[in-house]
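Novice: Sequence:
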Amino acid sequence: MPPPRRCCIPVCDNSKNGNSKHIFHAVKNGWKPMLKNLYGISCNGGSKICEKHFEASMYANMMTGSKRLLSTAVPSLQLPPPLAFNTVDVETTAMTIDESPF
Numbered sequence: 001m002p003p004p005r006r007c008c009i010p011v012c013d014n015s016k017n018g019n020s021k022h023i024f025h026a027v028k029n030g031w032k033p034m035l036k037n038l039y040g041i042s043c044n045g046g047s048k049i050c051e052k053h054f055e056a057s058m059y060a061n062m063m064t065g066s067k068r069l070l071s072t073a074v075p076s077l078q079l080p081p082p083l084a085f086n087t088v089d090v091e092t093t094a095m096t097i098d099e100s101p102f
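Number 68 in our numbering belongs to position 68 of the sequence shown; there are no gaps in the numbering.
No wet-lab data here; the hints were simulated from the structure. Quantities reported herein were computed from a predicted structural model and do not represent experimental measurements. Take the hints with a grain of salt, since some may be wrong.
[Claimed, not checked] Below, simulated DSS-like cross-link-like pairs (lysine-lysine); rule was C-alpha separation at most 25 Å, straight line:
#  : residue 1 : residue 2
1  : Lys28     : Lys52
2  : Lys48     : Lys28
3  : Lys32     : Lys67
4  : Lys48     : Lys36
5  : Lys67     : Lys52
6  : Lys36     : Lys52
7  : Lys32     : Lys48
8  : Lys32     : Lys52
9  : Lys67     : Lys48
10 : Lys67     : Lys28
Whole structure, please, built from the sequences with the hints as guidance.
Specialist: Written out as structure tokens, the structure is:
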């Protein structure tokens, strides 16, 4: 028996129970940097993302009645909160530059 399919998004219910009722998509190389840099999610070569993380507009309806993920699709729903980035206070930085003797 094959192992249960799991979604690689940590906050997804499908990553915990291996629910195979959902459609799973292989993680595309273009998604890996976004998932790692914005959300801290590392995906290996066999990682899958379930359909819950894609908007309906990211699918093409096929004549057979099935759904196919568009090549431009990007996971955007039910993701963990983005990682905090260091922000720069523009006013403080500008004052420091203006006050510089150089």
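Novice: Broken hints, numbered, in rising order?
Specialist: When the structure is compared with the hints, none of them turns out to be violated.
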